[in-house]
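*Asks:* Produce the entire structure from the sequences given, and follow the hints as far as they go.
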Amino acid sequence: MKNIGLAIFVMLLLAGCENDKNLKNSISDSQISQSDIENFQNLVGDTVLFTVDQSGLRPDAISILNAQVNWLKEKKFLPITIEGHADEQGTREYNLALGARRATAVREFLLTRGIEKDRISIVTYGKERPLRVCSNEECWSKNRRAVTVVGQKIVE
Amino acid sequence: MVKQFFTRFIKLSSFICIIVFINSTFVISQNNDAPKLDMTVNRGVIKPISLAIPSFIKESGANSIISRELAKVISNNLDSTGLFRSIPQTAYVSTPLSFNTPVQFSDWSIINADVLVLGAVGLKPDGRLEVKFRLWDIAQQKEIGKGKKYFTNSESWRRISHKISDTIYTRVTGEGAYFDSRVVFVSETGPKDNRTKRLAVMDQDGANFKLLKHPPSLVIAPRFAPSSNKIIFTGYETGKPRVYLMDLSSEAITPLPELKGMSFAPRFSMDGTKIVLSMTQNGNTDIFINSLDTGIKRRLTTNSAIDTAPSFSPDGKSIVFESDRGGGQQLYIISTEGGEAKRISFGKGRYATPVWSPRGDLIAFTKIKERKFHIGVMRVDGTNERLLTTSFLDEGPAWAPNGRVLMFFRETPGKAGAPSIYSIDISGRNLRKIKTSSFASDPNWSRILN
Numbered sequence: 000m001k002n003i004g005l006a007i008f009v010m011l012l013l014a015g016c017e018n019d020k021n022l023k024n025s026i027s028d029s030q031i032s033q034s035d036i037e038n039f040q041n042l043v044g045d046t047v048l049f050t051v052d053q054s055g056l057r058p059d060a061i062s063i064l065n066a067q068v069n070w071l072k073e074k075k076f077l078p079i080t081i082e083g084h085a086d087e088q089g090t091r092e093y094n095l096a097l098g099a100r101r102a103t104a105v106r107e108f109l110l111t112r113g114i115e116k117d118r119i120s121i122v123t124y125g126k127e128r129p130l131r132v133c134s135n136e137e138c139w140s141k142n143r144r145a146v147t148v149v150g151q152k153i154v155e
Numbered sequence: 000m001v002k003q004f005f006t007r008f009i010k011l012s013s014f015i016c017i018i019v020f021i022n023s024t025f026v027i028s029q030n031n032d033a034p035k036l037d038m039t040v041n042r043g044v045i046k047p048i049s050l051a052i053p054s055f056i057k058e059s060g061a062n063s064i065i066s067r068e069l070a071k072v073i074s075n076n077l078d079s080t081g082l083f084r085s086i087p088q089t090a091y092v093s094t095p096l097s098f099n100t101p102v103q104f105s106d107w108s109i110i111n112a113d114v115l116v117l118g119a120v121g122l123k124p125d126g127r128l129e130v131k132f133r134l135w136d137i138a139q140q141k142e143i144g145k146g147k148k149y150f151t152n153s154e155s156w157r158r159i160s161h162k163i164s165d166t167i168y169t170r171v172t173g174e175g176a177y178f179d180s181r182v183v184f185v186s187e188t189g190p191k192d193n194r195t196k197r198l199a200v201m202d203q204d205g206a207n208f209k210l211l212k213h214p215p216s217l218v219i220a221p222r223f224a225p226s227s228n229k230i231i232f233t234g235y236e237t238g239k240p241r242v243y244l245m246d247l248s249s250e251a252i253t254p255l256p257e258l259k260g261m262s263f264a265p266r267f268s269m270d271g272t273k274i275v276l277s278m279t280q281n282g283n284t285d286i287f288i289n290s291l292d293t294g295i296k297r298r299l300t301t302n303s304a305i306d307t308a309p310s311f312s313p314d315g316k317s318i319v320f321e322s323d324r325g326g327g328q329q330l331y332i333i334s335t336e337g338g339e340a341k342r343i344s345f346g347k348g349r350y351a352t353p354v355w356s357p358r359g360d361l362i363a364f365t366k367i368k369e370r371k372f373h374i375g376v377m378r379v380d381g382t383n384e385r386l387l388t389t390s391f392l393d394e395g396p397a398w399a400p401n402g403r404v405l406m407f408f409r410e411t412p413g414k415a416g417a418p419s420i421y422s423i424d425i426s427g428r429n430l431r432k433i434k435t436s437s438f439a440s441d442p443n444w445s446r447i448l449n
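If you read the protein sequences in the order shown, they are chains A and B.
Going by numbering that gives the first Met the number 0, the first residue of the first sequence is number 0, and it counts up by one from there.
Going by numbering that gives the first Met the number 0, the first residue of the second sequence is number 0, and it counts up by one from there.
If you are wondering where the hints come from, they were derived from the structure by calculation, not from laboratory data.
Just to be clear, a hint being listed does not mean it is correct.
[Said to hold, decoys possible] Footprint (simulated), chain A over chain B, 3 or more residues, beta carbon under 8 Å:
1. 237 to 244
2. 302 to 308
[To be verified] Chain A stretches covered by chain B per the calculated footprint, using a threshold of three residues with CB under 8 Å from any CB of chain B:
3. 92 to 101
4. 130 to 138
Just so it is clear, CB atoms sit at the ideal spot from N, CA and C, and this is done for glycine as well.
*Replies:* Put into structure tokens, the structure is as follows:
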């Protein structure tokens, strides 16, 4: 159920992109298919999780990011945006800065593994876009995340 | 007399509050399971000024709705301070029939009124309202200050109520005015994992709610310019956080120039010529000052830590901000000329969102300690920390124009969790929820309107 939800979310996201003049390099059918995106999300893993207040990459994050690197190397020129998020336990501004740190940590990892710099953009959402809505560690641990969104890049 | 008496009251009560804080680790709290010190303080020390405010006398063509509502808005304002208590009109033994009839003091002393507000409203031939009032000390049988008269178009009667409230409040308490002011905030609708956020403004009492026009993308933390005709806020129109200015009369939005990377947490200097904000480049968040006159942007901090939530001192010479350069989030002050930042917060827990009082004497902040959030105040040198609230999530204090009252937002936990705006006196008394037609967060208080 969750995966279907995610897939629908991405479809909506992509539908939104094509109408948004501020997002360039929106994907076309020739570059990437819907099933590619679903594979990336479900088989490769688009999300890495973080420890409270931390932006260091944990071993579980690194194995997911290694898989992302392999996938991204096959999809040459495909742009990506890394979203950094925080849980609700911090203040708004601090969480924006923390989300930026997390997204940057993922970007730095991808860069050191040879993903081209101009393919990657980052954004922080702080605590503005929680994935899970309960107010305990079960949800918070899922909300402290960086999500690699394939097929879009934000204009700098 | 009332004023002197009252000023002593306030000084005494805040003194007692401070003693309570120093001698114990208790926090004045609104939680049911926490010690209710505020109640003890209330009962022991504060006796509100008893206020009689009859419906305004109708003169030449005014309607009775306005004559009643003028009195109602004024008594709501004054009651909301916790320093006044309106006597119900049903308890009055007489009703004033004309503005100039001598006051029957015995009619008001018998119902224990300390202060009588006598007002009248009339409609001028050109369609304007004429509103006037006089303020009486019942015990002394003397007028407090001189009567005042206002002319306005009839749609603006609420503002006249706020102006009259301000005059009564300042004459009786000696504190600065704050009722004739507005609040800009974020109106929130929808479920927690799919919130729609819109910029909105309202009067300080929650009336005249209005959504502002802007693109549907996420918006965060609007702040007034000192003139109150502009706001600055963070928006996601380009897909990432960026600082924008909005002219409130035209609702035209312009991006603040000279910004790179991601920018957020903007605030005006008190003279309106500068913006301080934080900008994130390569994952590092630092503080910058942007001069609106010259367009020049200046970097203030170069630390690899998170430096954010900056706020100008009223004299424009210093910035208070939060940083995790020492490990956890703490508060620091730095000169607007740059140089070394001085840490001012040293207590246990994390300190965030510092805001300099318009009076210059205090800094309000959010504190996170043992998974609870608090709104607190401390002196500019970091001494005399007092926590005023506690809950699952209290955040983002905003000063009233007189530096005596704070607004902030409180978010409830869980799936149905949502934010509301509250106000509290800096003594820690009188926590009140501001009624809004949607969820509401990120309040910012204007100055007194012109």
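*Asks:* Please go over all the hints and tell whether each is borne out by the structure.
*Replies:* Each hint, compared with the structure:
no. : hint       : result
1   : 237 to 244 : holds (count 4)
2   : 302 to 308 : holds (count 3)
3   : 92 to 101  : holds (count 7)
4   : 130 to 138 : holds (count 5)
Hint compliance for this structure: no hint is broken.
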